[in-house]
Structures are given as structure tokens and as C-alpha cells.
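Assemble the whole structure, with the sequences as input and the hints as a guide.
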Amino acid sequence: MNWGKGIIIAMALFMGFILFLVVNILLQTVDLESEDYYKKEINYEKEITAMKNFNAINTRIIVFSNSEFVVFQLPEKTQITEVEIRFFRPNNTKLDKLFQVDGTKTYLVPKKVLEKGNYSIQLHFKHNKKPCLQKEKIII
Numbered sequence: 089m090n091w092g093k094g095i096i097i098a099m100a101l102f103m104g105f106i107l108f109l110v111v112n113i114l115l116q117t118v119d120l121e122s123e124d125y126y127k128k129e130i131n132y133e134k135e136i137t138a139m140k141n142f143n144a145i146n147t148r149i150i151v152f153s154n155s156e157f158v159v160f161q162l163p164e165k166t167q168i169t170e171v172e173i174r175f176f177r178p179n180n181t182k183l184d185k186l187f188q189v190d191g192t193k194t195y196l197v198p199k200k201v202l203e204k205g206n207y208s209i210q211l212h213f214k215h216n217k218k219p220c221l222q223k224e225k226i227i228i
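Residue numbering for the sequence shown follows my numbering, beginning at 89 and increasing consecutively.
The set of hints was computed from the structure by calculation and includes no laboratory data. Please read these numbers as outputs of a predicted model, since none were measured by experiment. Where hints are given, some of them may not hold.
[Stated by the list, open to error] Below, simulated PhoX-like cross-link-like pairs (lysine-lysine); rule was C-alpha separation at most 25 Å, straight line:
| hint | residue 1 | residue 2 |
| --- | --- | --- |
| 1 | 165 | 214 |
| 2 | 140 | 225 |
| 3 | 200 | 182 |
| 4 | 225 | 199 |
| 5 | 185 | 127 |
| 6 | 128 | 217 |
| 7 | 225 | 134 |
| 8 | 223 | 204 |
[Stated by the list, open to error] Derived CB-CB ranges, DEER-like:
| hint | residue 1 | residue 2 | range |
| --- | --- | --- | --- |
| 9 | 140 | 164 | 23 to 31 Å |
| 10 | 92 | 114 | 27 to 35 Å |
| 11 | 178 | 139 | 13 to 21 Å |
| 12 | 208 | 113 | 21 to 29 Å |
| 13 | 193 | 117 | 33 to 41 Å |
| 14 | 225 | 137 | 16 to 24 Å |
We put the CB at the ideal spot given by N, CA and C, even for glycine.
Structure (C-alpha cells):
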């Protein structure tokens with residue numbers, strides 16, 4: 089084998105490798121955190137206010153998981169109402185979940201309704217009629 093054939097083989101292997109990388113990149117799904125990103129950006133000031141309201145109160149919703157459930161424990165002696173739990177999956181918006189809590193201090197989310205992976209949890213609630221936002225992260 090001479091130099092010409094070696095160079096041609098090396099170039100063909102390199103081009104095949106680059107083509108393989110391009111195809112793999114094009115086949116991956118890339119989702120935005122949300123479809124209405126710009127609308128949320130406009131309302132971001134409300135989210136900042138809700139997070140400040142949450143930081144001002146000296147209570148929080150306790151979030152933990154056991155083998156079967158993700159448990160949300162609301163404090164007994166507080167004025168927390170209108171609790172909404174949002175599970176955000178950063179890499180796949182089709183796996184996002186929304187739960188409403190009403191009339192209970194302990195709320196259980198079965199792990200079987202959630203796919204395994206990382207989730208960002210947003211807990212929207214009202215404390216003394218002021219909107220609050222608590223953010224958590226959990227791995228299922």
C-alpha cells in the first residue's frame with residue numbers, strides 16, 4: 089500500500105466520523121423549558137415577588153421521597169392555601185406534571201406516575217393571601 093491509498097482511507101474514515109456526529113446531533117430532541125417562554129419572561133417579576141414573599145415567611149413545605157411516593161408535608165399551623173405542585177422535567181416537557189392540593193396537609197405523588205430522572209419542583213401557594221413560590225429539586 090502506498091501513501092495515496094493511506095491518505096484516502098484516513099480522509100474517508102474522518103468524513104464518516106463527522107457524518108456520524110452530525111446525524112447523532114440532528115436526531116436528539118432539544119426542548120425549551122417551556123413553549124411560552126416569552127410570556128413567562130414578561131411575568132417573571134411576579135415570580136420574583138412570589139419568591140421574596142416565600143423568603144419573608146418562616147415556614148416551608150417539606151418535600152421528601154420514600155420508596156413509593158414523593159411526599160409534600162404542609163405545616164400544621166399556617167395559612168397556606170391554593171397549593172399547586174408543578175414537576176418540570178428539564179430535558180422533556182412531555183413528562184411535566186401538575187397537581188392541585190386541596191383540603192389536606194400531607195400530599196402524596198406516586199412515583200409510578202413519574203418517569204425516572206431529575207425534576208425541578210415549583211410549589212405555588214398563597215400565605216395570608218400573598219402569592220409565594222418555593223422551588224425544589226428531586227431525583228426519582
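Mind checking the alpha carbons of residue 223 and residue 204 for me, to see if they're no more than 25 Å apart?
holds (19 Å)
Taken at face value, is the distance from the CA of residue 127 to the CA of residue 185 at most 25 Å?
holds (20 Å)
When you take the CB atoms of residue 193 and residue 117, is the distance between them in 33 to 41 Å?
holds (39 Å)
Consistency of beta-carbon spacing, residue 113 to residue 208, with hint 21 to 29 Å
At 25 Å between Cβs, range holds.
Pair hint outcome, residue 140 versus residue 225 [Cα-Cα no greater than 25 Å]:
With a Cα-Cα distance of about 19 Å, the restraint between residue 140 and residue 225 holds, given a limit of 25 Å.
For a C-alpha distance cap of 25 Å, please report whether residue 225 and residue 134 respect it.
Roughly 21 Å between the alpha carbons, so the hint for residue 225 and residue 134 holds.
Hint check: residue 165 vs residue 214, CA-CA at most 25 Å. Holds or violated?
Holds: residue 165 and residue 214 sit about 14 Å apart, inside 25 Å.
Do the beta carbons of residue 140 and residue 164 sit within 23 to 31 Å of each other?
holds (25 Å)
Pairwise hint evaluation, residue 199 against residue 225, where the allowed Cα distance is 25 Å at most:
holds (15 Å)
Quick check: does the Cβ-Cβ distance between residue 92 and residue 114 fall within 27 to 35 Å?
holds (33 Å)
Residue 139 and residue 178 - C-beta distance against the hinted 13 to 21 Å
Given about 19 Å between the Cβ atoms, the range holds.
Is residue 128 within 25 Å of residue 217, Cα to Cα?
holds (22 Å)
Taken one by one, the earlier hints all hold for this structure without exception.
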